[in-house]
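Using the sequences plus the hints, can you model the full thing?
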Amino acid sequence: EAQVTQNPRYLITVTGKKLTVTCSQNMNHEYMSWYRQDPGLGLRQIYYSMNVEVTDKGDVPEGYKVSRKEKRNFPLILESPSPNQTSLYFCASMQRGGGLSAGELFFGEGSRLTVL
Amino acid sequence: AQTVTQSQPEMSVQEAETVTLSCTYDTSESDYYLFWYKQPPSRQMILVIRQEAYKQQNATENRFSVNFQKAAKSFSLKISDSQLGDAAMYFCAYRSRRNEKLTFGTGTRLTIIP
Chain Z
1457 EAQVTQNPRY
1467 LITVTGKKLT
1477 VTCSQNMNHE
1487 YMSWYRQDPG
1497 LGLRQIYYSM
1507 NVEVTDKGDV
1517 PEGYKVSRKE
1527 KRNFPLILES
1537 PSPNQTSLYF
1547 CASMQRGGGL
1557 SAGELFFGEG
1567 SRLTVL
Chain S
2 AQTVTQSQPE
12 MSVQEAETVT
22 LSCTYDTSES
32 DYYLFWYKQP
42 PSRQMILVIR
52 QEAYKQQNAT
62 ENRFSVNFQK
72 AAKSFSLKIS
82 DSQLGDAAMY
92 FCAYRSRRNE
102 KLTFGTGTRL
112 TIIP
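Going down the list, the protein sequences come from chains Z and S. For what it's worth, this note's numbering labels the leading residue of the first sequence as 1457, then goes sequentially. For what it's worth, this note's numbering labels the leading residue of the second sequence as 2, then goes sequentially.
Hints are computed from structural coordinates only; laboratory data are not their basis. Just so you know, even glycine gets a beta-carbon here, dropped at the ideal spot from N, CA and C. Some hints here could point you the wrong way.
Claimed, not checked - Taking lysine-lysine pairs in the BS3-like style, the calculated list, with each CA pair at most 30 Å apart, reads: (1) S/K102 to Z/K1513; (2) S/K74 to Z/K1513; (3) Z/K1525 to S/K102; (4) S/K102 to Z/K1521; (5) S/K74 to S/K102; (6) Z/K1474 to S/K102.
Said to hold, decoys possible - Here are some chain S residues the structure puts well away from chain Z; computed CB gaps all over 10 Å: (7) T19; (8) N59; (9) N68; (10) D87.
What the hints assert, rightly or not - Estimated spans, in silico, between C-beta atoms of each pair: (11) S/I114 to Z/V1508: 42 to 50 Å; (12) Z/E1457 to S/D82: 25 to 33 Å; (13) S/D82 to Z/E1535: 47 to 55 Å; (14) Z/S1523 to S/Q3: 21 to 29 Å; (15) S/S75 to Z/E1565: 25 to 33 Å; (16) S/F65 to Z/L1544: 18 to 26 Å; (17) Z/E1535 to S/S81: 43 to 51 Å; (18) Z/V1510 to S/T21: 34 to 42 Å.
Written out as structure tokens, the structure reads:
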């Protein structure tokens, strides 16, 4: 089954304690991205990656890091989480270029992060 | 930079009736994709419908259809014969063909009244 898997689904942590949210896709997509969703703000892009070893900042990258060492994995790292990073996070992947599913983002199920 | 505006934070509709959700966007590009995504209480993001800007014909998926007005930069979603399962947050999104960036609107929460 084609899917994007992210873990953990729920996490409560404290300020300053490093954490990693993992993301893996099995569709051989080149493009992967992280979003955060906050009430009234929709989904905002944190970082994205066009291919292995290629990453770039989205609209709200401050306080986050990513890496893309393998095509299927795109972890999101919070080196020193703060309460303003409390949010719902989505990982997504997409086939680049044309084709039947071109442009369609496939989303993970979301990770609810609370930073106290 | 592209922007996507959903001016209706909340809407409600009687079951079996028709409702239209509005979306406008701003871009200088001529070739792009537009999407409507649905997010039910489960939080999962589900693609509802997709429109390619170079196609003049409005996309349709069963009870869901769009009214794509390229010159006006408008992309509304019409849901016919509304069902209880349609209750969700709906996001309009724009994807640039040039840099593949996807930009979302702030969402419209749709309530279905039995």
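Right, here's what the structure says about each hint:
Restraint check for S/K102 and Z/K1513: the C-alpha separation of about 11 Å stays at or below 30 Å, so the hint holds. A distance of roughly 27 Å separates the Cα atoms of S/K74 and Z/K1513; the hinted pair therefore holds under the 30 Å criterion. Using a Cα cut-off of 30 Å, the hinted pair Z/K1525 and S/K102 holds, with the two alpha carbons roughly 21 Å apart. This hinted pair checks out: S/K102 and Z/K1521 have alpha carbons roughly 19 Å apart, not beyond 30 Å.
At roughly 18 Å between alpha-carbon atoms, S/K74 and S/K102 fall within 30 Å of each other, so this suggested pair holds. As the CA atoms of Z/K1474 and S/K102 are separated by approximately 28 Å, the hinted pair is consistent with the 30 Å bound. Every CB of chain Z is more than 10 Å from the CB of S/T19 (nearest about 25 Å), matching its label as outside the interface. No beta-carbon of chain Z is positioned within 10 Å of the beta-carbon of S/N59; the least distance is around 17 Å.
Look at S/N68: its CB is around 19 Å from the nearest CB on chain Z, clear of 10 Å, so calling it non-interface holds up. Separation of S/D87 from chain Z is adequate, the least Cβ-Cβ distance of about 19 Å exceeding the 10 Å criterion. A hinted range of 42 to 50 Å for the beta carbons of S/I114 and Z/V1508 is consistent with their spacing of about 49 Å. A C-beta distance of roughly 30 Å is found between Z/E1457 and S/D82, which places it inside the suggested range of 25 to 33 Å.
At roughly 50 Å, the beta carbons of S/D82 and Z/E1535 sit within the given window of 47 to 55 Å. Taken as a hint, the range 21 to 29 Å holds for the pair Z/S1523 and S/Q3, whose Cβ atoms sit roughly 27 Å apart. Between S/S75 and Z/E1565 the Cβ separation comes to about 32 Å, which falls inside the hinted range of 25 to 33 Å. Taking 18 to 26 Å as the suggested C-beta distance range, the pair S/F65 and Z/L1544 conforms, at roughly 24 Å.
At roughly 48 Å, the beta carbons of Z/E1535 and S/S81 sit within the given window of 43 to 51 Å. For Z/V1510 and S/T21, the Cβ-Cβ distance of about 40 Å falls inside the hinted range of 34 to 42 Å, so the restraint holds.
When each numbered hint is compared with the structure, no violation occurs for any of them.
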